[in-house]
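Chemist: Spelled out, the chains give:
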Amino acid sequence: MILLRLALRSLISRRVTVGLTVLAIALSTALFLGVEKVRTGARASFADTISDTDLILGARTGGVQLLLYSVFRIGNATNNVTWESFEDLASRPEVDWAVPISLGDSHRGFRVMGTTTDYFDRYKYRGGRALSFAEGGRPADLFDAAVGADVARELGYRLGQEIVVAHGLASFTDHDDKPFRVSGILEKTGTPVDRTVIVSLEAIEAIHADWQGGGRSGTPISAAQVRELDLSPRAITAAMIGTSSPLQVFKLQRAINEYPEEPLMAVIPGVALQELWEIVGVAETALLGVSAMVVATALLGMTAMIFSGLNERRREMAIFRAVGARPRTILGMLTLEAALMATAGAALGVILLYTGLWIARPHVDAAFGLYLPIAPLTGRETAGLIAVVIGGTLVGTIPAIRAYRISLADGMTVRS
Amino acid sequence: MTKTGDPVDTAIDLRDLRFAWGGRRPFSLAVERFELRRGEAVFLQGESGGGKTTLLSLICGINRPAAGHVRVDGTDLGALRGGARDRFRAERIGVIFQMFNLLPYASPLDNILLPLHFAPERRARCGAPREAALHLTDTLGLPRELIEHGTAADLSVGQQQRVAVARALIGQPPLIVADEPTSALDAGAQAAFVDLLFDQVRAAGASLLMVSHDDRLSGHFDRAVRLEEIATVTRSEAA
Numbered sequence: 185m186i187l188l189r190l191a192l193r194s195l196i197s198r199r200v201t202v203g204l205t206v207l208a209i210a211l212s213t214a215l216f217l218g219v220e221k222v223r224t225g226a227r228a229s230f231a232d233t234i235s236d237t238d239l240i241l242g243a244r245t246g247g248v249q250l251l252l253y254s255v256f257r258i259g260n261a262t263n264n265v266t267w268e269s270f271e272d273l274a275s276r277p278e279v280d281w282a283v284p285i286s287l288g289d290s291h292r293g294f295r296v297m298g299t300t301t302d303y304f305d306r307y308k309y310r311g312g313r314a315l316s317f318a319e320g321g322r323p324a325d326l327f328d329a330a331v332g333a334d335v336a337r338e339l340g341y342r343l344g345q346e347i348v349v350a351h352g353l354a355s356f357t358d359h360d361d362k363p364f365r366v367s368g369i370l371e372k373t374g375t376p377v378d379r380t381v382i383v384s385l386e387a388i389e390a391i392h393a394d395w396q397g398g399g400r401s402g403t404p405i406s407a408a409q410v411r412e413l414d415l416s417p418r419a420i421t422a423a424m425i426g427t428s429s430p431l432q433v434f435k436l437q438r439a440i441n442e443y444p445e446e447p448l449m450a451v452i453p454g455v456a457l458q459e460l461w462e463i464v465g466v467a468e469t470a471l472l473g474v475s476a477m478v479v480a481t482a483l484l485g486m487t488a489m490i491f492s493g494l495n496e497r498r499r500e501m502a503i504f505r506a507v508g509a510r511p512r513t514i515l516g517m518l519t520l521e522a523a524l525m526a527t528a529g530a531a532l533g534v535i536l537l538y539t540g541l542w543i544a545r546p547h548v549d550a551a552f553g554l555y556l557p558i559a560p561l562t563g564r565e566t567a568g569l570i571a572v573v574i575g576g577t578l579v580g581t582i583p584a585i586r587a588y589r590i591s592l593a594d595g596m597t598v599r600s
Numbered sequence: 339m340t341k342t343g344d345p346v347d348t349a350i351d352l353r354d355l356r357f358a359w360g361g362r363r364p365f366s367l368a369v370e371r372f373e374l375r376r377g378e379a380v381f382l383q384g385e386s387g388g389g390k391t392t393l394l395s396l397i398c399g400i401n402r403p404a405a406g407h408v409r410v411d412g413t414d415l416g417a418l419r420g421g422a423r424d425r426f427r428a429e430r431i432g433v434i435f436q437m438f439n440l441l442p443y444a445s446p447l448d449n450i451l452l453p454l455h456f457a458p459e460r461r462a463r464c465g466a467p468r469e470a471a472l473h474l475t476d477t478l479g480l481p482r483e484l485i486e487h488g489t490a491a492d493l494s495v496g497q498q499q500r501v502a503v504a505r506a507l508i509g510q511p512p513l514i515v516a517d518e519p520t521s522a523l524d525a526g527a528q529a530a531f532v533d534l535l536f537d538q539v540r541a542a543g544a545s546l547l548m549v550s551h552d553d554r555l556s557g558h559f560d561r562a563v564r565l566e567e568i569a570t571v572t573r574s575e576a577a
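Read top to bottom, the protein sequences are chains A and B.
For the first sequence, my numbering gives the first residue as 185, with consecutive numbering after it.
For the second sequence, my numbering gives the first residue as 339, with consecutive numbering after it.
Don't take every hint at face value.
What the hints assert, rightly or not - Partial pick of chain B residues on the chain A-facing surface, computed with a CB cut under 10 Å: (1) VAL433; (2) PRO512; (3) VAL515.
To be verified - Far from chain B, some chain A residues (derived; all Cβ distances over 10 Å): (4) ILE186; (5) ARG189; (6) GLY225; (7) PHE256; (8) GLU271; (9) SER316; (10) GLN396; (11) SER416; (12) PRO444; (13) VAL464; (14) GLY493; (15) PRO511; (16) THR513.
Stated by the list, open to error - Residues from chain A that keep clear of chain B, each with C-beta distances beyond 10 Å, as calculated: (17) GLU500; (18) ALA502; (19) VAL507; (20) GLY508.
Keep in mind that the hints were calculated from the coordinates and are not lab data.
Yeah, the Cβ is synthetic: ideal placement off N, Cα and C, and Gly gets one too.
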């Protein structure tokens, strides 16, 4: 015990250099674990975003791209699906249900999505949870809108409030002649739905009734007049499809992919996600590699610090030798010192990680729609943490061996 | 000046000792015969850099002679392996250095208790080590508050030397070796320190070997020996 106490006291007596070294280890450990947490958090968050949907239908494009724009509202569709094709495919016997979605407009930075009321029944997240309303309910009138939890919170929306949809995603043109009314505010889901304004497909048609080729036509149609028009959708962006049996998924997918009337495609969400992970896997590995190098650099910094202090500590080693310590004890004490610093660094790193996660979570959620779970360390993360401590102890033996040699040569005196 | 005696009665017995340092500044030391009887206090005087500390390293078993015998408290150190020599030193020898004797970051109490960690028999002899250490520091006139809760760096030079004496004496090792313990003290404090050391060593029934370049203190001892009387030191500059 006295050796542990003395090792601690020795470290405390050099608190500035030791503190900085421990901080360097802590920051690098937090970075390393943070990368891992974001990686697993992103995967979990993405995987949680859609469940119980067998296929996603869209215009022919990349599978990953279709998944990203339809489910995650990342990027844009290159083409639409005609309403006729959708209806034709939705009536196939393999299809149990199909929910069309139409994207393209925005509201103060949030995506506006046109869909049917089935969306509220069929969209499932985090292992089959359904959407529910914190206040109000589904859009009932043509110009009703249901808003996601983040939309309501960030913009301070209440039920009945009027909102205006902007044309496109980054435009200065508003559909201000046809304002919507907030009919419901959804409960927080931790998915892109939180950042979406949901209206009916007919409403999307209605606000574009007097638009042609991306601009307003000469004859404006008022909100009252538009109600009289046929607002059947002409095109949609994508559709979520549930099959009547899991065995039908591949058959239906093939039928959609080979659909003769229009170039379409269908992706299985899980498969597309897997494809996505394969693409980002290289970047993830590179990021993990870089953060591991940062940890290694911090540990080498610790070794350099111990090395540089050895000469000043020869007297200390001589005292230990004089009172009966074996050179091996000196070796052990310096290794223990490195192990203590690495452990303190790793422990502080964990504290920094969780503090950082706690602070960054709302910002990451707002900026990327990525809800990072604050969960205990996983087995892999714990193994990484243990590797930091073991790595620190191992590199600590390098100066310890040097100290061992010095103490053998010096004995009770300090030889210059 | 040396007296011969029964090896069992000697605290230190050196015979036909040969030792050499290699390297850039080769140095060799030879001692034909030197004895220090149990309970005796011997003053060994020699010039700085004259080989005194090397001789102490041989007596303490830190270095091994190339030839000859080092017998301490009846044990031939040459017969012991490295680890056993370290253990022997911890059990049987209390060492006092000149300056910077203590671990500055540790409490004086921890400094005093440190040798006991390496010497279980000496620890057992103490009974309650902490009480024994505090009893020693009380006797040496050191305030308890400082000993228990301060750090060695908080002590004056004189206090540090007294803590070093307590560390050497705890657990009553039969031999105390002091290497220039008074060099950091002024003349008045030197005599007081030697008197204090004597009182403690006598009370513990230990033998004392003190080396110094300054022979003003030699009168306090049973015997004073000059290094050149017992040892031959050769230095040669490497080519």
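Chemist: Are any of the numbered hints broken by this structure? If so, which, sorted upward?
Modeler: Numbers 2, 4, 5, 15, 16, 17, 18, 19 and 20, in rising order.
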